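Construct the complete structure from the given sequences, taking the supplied hints into account.
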Amino acid sequence: RKEVEQDPGPFNVPEGATVAFNCTYSNSASQSFFWYRQDCRKEPKLLMSVYSSGNEDGRFTAQLNRASQYISLLIRDSKLSDSATYLCVVNMAGYSTLTFGKGTMLLVSP
Amino acid sequence: DTAVSQTPKYLVTQMGNDKSIKCEQNLGHDTMYWYKQDSKKFLKIMFSYNNKELIINETVPNRFSPKSPDKAHLNLHINSLELGDSAVYFCASSQDIGNTEAFFGQGTRLTVV
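Protein sequences, first through last, are from chains A and B.
If you count by the working numbering, then the first sequence holds residues 1 to 110, one letter each, in order.
If you count by the working numbering, then the second sequence holds residues 1 to 113, one letter each, in order.
Rather than coming from a laboratory, the hints here were simulated on the basis of the structure.
Do not take every clue at face value.
[To be verified] Per label pair, the in silico range of CB-to-CB distance:
1. A/ALA67 - B/HIS73: 37 to 45 Å
2. B/TYR10 - A/SER68: 38 to 46 Å
3. B/HIS77 - A/ASN65: 36 to 44 Å
4. A/LEU46 - B/ASN51: 20 to 28 Å
5. A/ASN27 - B/ASP96: 15 to 23 Å
6. B/PRO8 - A/PRO14: 35 to 43 Å
7. A/THR61 - B/THR2: 25 to 33 Å
8. B/ASN79 - A/CYS40: 30 to 38 Å
9. B/HIS77 - A/SER68: 38 to 46 Å
10. A/TYR70 - B/LYS44: 34 to 42 Å
Computed from a predicted structure; not experimentally measured.
Think of the CB as a built atom: it goes at the ideal place given N, C-alpha and C, for glycine as much as any other residue.
Below, the structure is given as structure tokens:
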């Protein structure tokens, strides 16, 4: 079983659309959760941390469901500049580093 | 100023050669990492160092040898390069082990011909 699994992509959406990405993780004792963004031929950068109570940053909302071992990212009012690969990242309990999912590519078109 | 910088950005070399990639961070972080991103874009941890001590050494061939002369530097030396080593190698750092945001360098695109 993959440690961090994400929706396969790419997601093709028009500008202004709402899009949701899902992610599941295998280790129920995992403690820290993040969404990273990676633009084409660039390094990954932190988009937002994911807290148990859920959190929002402008058009982006992250949710965590520990019982289902499930993380989500919702992007509202998509912009062309949102086109990128979105990486679900988990710090597995007892493992001293971040584990990355394979990423989901988002393509926002005019 | 770049927080995590790695050199070179591009590296093209022949099979069998030995090459090094350098990484430096000016964030004052205790932990540094090397990740490999293959052609399928999967980002996989190779090594993790905390305060110059090796913490994680994933199942990486022993042709790959990291070296951390101090907390701000983590270099990667690769011996006897193989075609399958072609990938993008990312250096990263974080304030402590695992739980906090990791900052990535711009990556080194290694092509072995």
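Results for each hint:
1. A/ALA67 - B/HIS73: 37 to 45 Å: holds (43 Å)
2. B/TYR10 - A/SER68: 38 to 46 Å: Check passed, 43 Å falls within 38 to 46 Å.
3. B/HIS77 - A/ASN65: 36 to 44 Å: holds (43 Å)
4. A/LEU46 - B/ASN51: 20 to 28 Å: Taking Cβ atoms as reference, A/LEU46 and B/ASN51 lie about 23 Å apart, which means the hint holds.
5. A/ASN27 - B/ASP96: 15 to 23 Å: holds (19 Å)
6. B/PRO8 - A/PRO14: 35 to 43 Å: holds (40 Å)
7. A/THR61 - B/THR2: 25 to 33 Å: Distance hint for A/THR61, B/THR2 holds at roughly 31 Å.
8. B/ASN79 - A/CYS40: 30 to 38 Å: For A/CYS40 against B/ASN79, whose Cβ atoms are near 31 Å apart, the range 30 to 38 Å holds.
9. B/HIS77 - A/SER68: 38 to 46 Å: Given range 38 to 46 Å: holds, Cβ gap about 43 Å.
10. A/TYR70 - B/LYS44: 34 to 42 Å: About 23 Å separates the Cβ atoms of A/TYR70 and B/LYS44, which means 34 to 42 Å is violated.
Comparing the model with each numbered hint stated earlier shows that hint 10 is the single one that does not hold.
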